[in-house]
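For the protein sequence lines, the chains are A and B, in the order given.
So that you can map any letter, position 330 of the first sequence is 330 in the numbering used here, and since no number is skipped, the others follow by simple counting.
To convert, count from 1 in the second sequence and add 427; that's the numbering used here.
Treat the hints with caution; some may be incorrect.
[To be verified] Estimated spans, in silico, between C-beta atoms of each pair:
hint, chain 1, residue 1, chain 2, residue 2, range
1, A, 122, B, 490, 44 to 54 Å
2, A, 19, B, 591, 41 to 51 Å
3, A, 40, B, 490, 14 to 24 Å
4, B, 432, A, 101, 20 to 30 Å
5, A, 169, B, 525, 23 to 33 Å
6, A, 34, B, 591, 12 to 22 Å
7, A, 256, B, 517, 49 to 59 Å
8, B, 591, A, 330, 34 to 44 Å
9, B, 469, A, 231, 40 to 50 Å
10, A, 334, B, 589, 44 to 54 Å
11, A, 57, B, 447, 32 to 42 Å
12, A, 34, B, 490, 34 to 44 Å
13, B, 469, A, 233, 49 to 59 Å
14, B, 432, A, 333, 27 to 37 Å
[Said to hold, decoys possible] In silico contact screen, one side only, chain A against chain B (beta carbon under 7 Å); selected entries:
hint, residue
15, 37
16, 41
17, 69
18, 79
19, 238
[Stated by the list, open to error] Which bits of chain A does chain B cover? Going by a derived footprint, with three or more residues having C-beta under 8 Å, they are:
hint, stretch
20, 245-257
21, 261-275
22, 309-316
23, 408-414
Hints listed in this document are in silico derivations from the structure and should not be mistaken for laboratory results.
Glycine included, C-beta positions come from ideal geometry on N, C-alpha and C.
Listed below, chain by chain, are the residues.
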Amino acid sequence: MSQRIPGFETLAIHSGAQPDPATGARITPIYQTTAYVFNDTDHAASLFGLQAFGNIYTRIMNPTQAVLEERLAALEGGTAALAVASGHAAQMLVFHTIMTSGDNFISARRLYGGSINQFGHSFKNFGWEVRWADVDKPETISSQIDERTKAIFIESFANPAGFVTDIEAMAKIAHDHGIPLIVDNTMASPYLVRPIEHGADIVVRSLTKFLGGHGNSMGGVIVDGGTFDWSASDKYPMLSKPRDEYAGVVLHETFGNFAFAIACRVLGLRDLGPAIAPMNAFLILTGIETLALRMQRHCDNALAVAKHLKAHPKVEWVEYSGLEDHHNHALMKRYSPKGSGSVFTFGVKGGYEAGVKFVEGVEIISHLANIGDTRTLVIHPASTTHRQLTDEQRALAGAGNDVVRLSIGIENVDDIIADIDQALDKA
Amino acid sequence: MDHDHYSDAYIGSILTEVKTVAIIGASANEARPSYFVMKYLLNKGFEVTPVNPGQAGKEILGQMTCASLAELPGPVDMVDIFRASAAVPGITDEILAMQTLPKVVWMQLTVRDDESAAQLEERGIRVVMDRCPKIEFGRLSHEIGWAGINSKTLSSRKPQLGNGFQSFGIRK
C-alpha cells in the first residue's frame, strides 16, 4: 500500500482485517476461544509483562475484538482503541483509569438518560463526583473545575434531540485546565463527526447503535486520541506512575501515545471484566462495513421526515438541527456537513397523552428503547429512558413530558412518513 | 530526507535488511522501555548488543554489554539510541569514528537531532528519528493490531508468519 491516506469507506471495510494466514479466510473469523497457547514460559512471561504483542485470555483481548478495535481507531482518527461489552462499560473503564475516590469530573447535562444515571448514582458509590454543566454556557464548566477535576465529558450529538456540541470550545476549556476532553460520539458516528479532529482526547461510544447498526449486538468502545500528555501533572497516576503488578512499568512512558487505551485494557478491563463477546465483535464489524451508506441514508431520511413533521398540523414543534431555521443548525453544519444524524424529537399537539397515543399507534415503526437501528424507532423518553429523572431534570435534559424521540431508519422514506401520518391521525 | 514523515517502505526496508543492532542506553531493568525493545528485537531474530557503561561486562537478556561503541566486538548494521536528544551529537561523533560505519542510525521516540542526522546522512547512513523499532515492527507486521493499536496499514495479502504462535514478520 502506498502512503496515500485511504478514504473513510475503505477504512471501514479494510482496517484491522487481513486474511487469515492459515486458511485464507477473507472475513475475520469469530475466535470463539477463551485462551491462547503459549510457545513456552518465556513467551508467556513476555505477554504477561506487556513485552510482546499477543493474546492471553479473552477477558482482556481476542483476535476478533482486535480487528474491531483497530478499525474503530482508524475511523475515529485515534492511535488505539479498546472494545468492551457496552457503551456504559466503556465509560466506566475510562473513568476508572483517571479517577480515584474524591475526584470529580464535569459533564454536559444534556445527556443520554442512562449516562445521567451512571454518573449521578453508580459513580457516587465509587466516590466519583459528577458536576453537571450547561455546554451552551461555558462559564458553568470553568467555574466548577478545581484541582480534583479530572475530565470534561460531552456528547457530540446530545441525546435526545441530537443537538451538536461545540467540541472545539469544550476542548479549549479542558486543555486550558490541563484535563482531557472525553466525547461520547454514539449519535453522530465517525462518518459524520470525528471529535479527535476537533480537539477531543478520548472518544467513547456505544457500538450497539449506528456502528453495528442492525440492532443485534451490544458493544462499546474507547478510542485513544493519543493527544493528551498524561505525565504533565500528577493527576493521572495510573498512567504516569510505576505499576507494581507490571514490575514497575510506567504505562505512559512505555506506551506513549496509545498508553490510555493500553491502561484501560491491562488495568480496567483486566480487573473489572466487561469484555465484549467475540460474536458481537464480529456482527459489529460486519455492520461497520456499510456505515457510510447507512449513515447517509439515515440522515437523508431524517431530514425528509423532520420537514414533513414541521408542516404537519398535529405537530407542535420539531427539534432537528438539520432544519435550516433551527437554532443549532449553523453549528451542526460546521461540525457535520454531511448530515444531522437520525435521532431527533418532536411534540404532538395534545402533550403527554397525545404523545403516548402516537407511540402506541405506529404500525411499522418500533416502540422500543434503542437508537441507530436500520429500522425506524420511537420512544417517549419521559416514560422510559428518562423515567428515573425528576421533571426538572427531564426538562433540562431535553426530555420533557411532551417529547417524542424518533430514530429514523433506512426504510423507504415514504413508508416511514405514511406510518407517522396514520399514527398522528389517531393521536 | 523528510524526518517528519517516513514512508512504510523506508521503515520496512530498514527493518528487513538490518540483522545486527547495538542499543545505546539498553537497561537491565525489565520495566524500562529499552529492555522491552531489546527483548522484542531478540525474539524477532535480530542480534542485539547492549551498550551501557554502567552494565559493561554484565549480560542483559543473555547478551554481553559493551561500555561504548568503540568496544563492540564487530560491525553492526544499526545503532539504536535510547538517550536524550542532547546526547545525540556526542554519540554521532562516536558513530562516525567507528571502523565500519553502521548502515542505519535509529533514534527512539522523543529523540531527535536534525544536525546529527544530516552529518550521518552525508556519510551514507540512513537515519530514523522519534520512532520505536518495536512499534514499527509491530505495525508493519501487523502484530500491533492484536493490542487494538492503529497500524495504519491495509492489506489483502497473506501475513508473514514468524516462529511459533502469535508471531508475524515483515514482508520484504
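Right, here's what the structure says about each hint:
Distance hint for residue 122(A) and residue 490(B): a CB-CB separation of about 51 Å, consistent with the stated range 44 to 54 Å. The supplied range of 41 to 51 Å is broken by residue 19(A) and residue 591(B), whose beta-carbon atoms lie about 20 Å from each other. Taking 14 to 24 Å as the suggested C-beta distance range, the pair residue 40(A) and residue 490(B) conforms, at roughly 19 Å. Checked against the given bound of 20 to 30 Å, the beta carbons of residue 432(B) and residue 101(A), roughly 44 Å apart, lie outside it.
Distance hint check for residue 169(A) and residue 525(B): the Cβ-Cβ separation is about 54 Å, which falls outside the suggested range of 23 to 33 Å. The supplied range of 12 to 22 Å is met by residue 34(A) and residue 591(B), whose beta-carbon atoms lie about 20 Å from each other. A beta carbon spacing of about 25 Å between residue 256(A) and residue 517(B) contradicts the range 49 to 59 Å that was offered as a hint. For residue 591(B) and residue 330(A), the hinted distance range of 34 to 44 Å is not satisfied, since their beta carbons lie about 58 Å from each other.
One distance hint, 40 to 50 Å for the beta-carbon pair residue 469(B) and residue 231(A), is violated here, with the actual separation near 28 Å. Roughly 48 Å separates the CB atoms of residue 334(A) and residue 589(B), a value that falls within the hinted 44 to 54 Å. The beta-carbon spacing between residue 57(A) and residue 447(B), approximately 36 Å, falls within the hinted interval of 32 to 42 Å. A hinted range of 34 to 44 Å holds for the C-beta pair residue 34(A) and residue 490(B), which are about 36 Å apart.
Between residue 469(B) and residue 233(A) the C-beta distance comes to about 36 Å, which lies outside the given range of 49 to 59 Å. For residue 432(B) paired with residue 333(A), a C-beta distance near 32 Å keeps the hint of 27 to 37 Å intact. Checking residue 37(A) against chain B by beta carbon gives a least distance of about 6 Å; that is within 7 Å, so the hint holds. With a least beta-carbon distance of about 13 Å to chain B, the hint placing residue 41(A) at the interface is violated under the 7 Å criterion.
At about 3 Å, the closest approach between the beta carbon of residue 69(A) and any beta carbon in chain B falls short of 7 Å, and the interface hint on this residue holds. Annotation: interface hint on residue 79(A) holds; nearest CB of chain B at approximately 6 Å, less than 7 Å. The criterion of a C-beta within 7 Å of any C-beta in chain B is not met by residue 238(A), whose closest approach is roughly 15 Å, and the hint is violated. Coverage of the stretch 245-257 of chain A by chain B holds [criterion: at least 3 residues with CB-CB distance below 8 Å; count 8].
Given as covered by chain B, the stretch 261-275 of chain A passes the check, having 3 residues with a CB less than 8 Å from a CB of that chain where 3 are the minimum. Only residues whose beta carbon comes within less than 8 Å of a beta carbon in chain B count, and the stretch 309-316 of chain A has 0; fewer than three means the coverage is violated. For a cut-off of 8 Å, the count of residues in the stretch 408-414 of chain A with a CB near a CB of chain B stands at 0, and the three-residue condition is violated.
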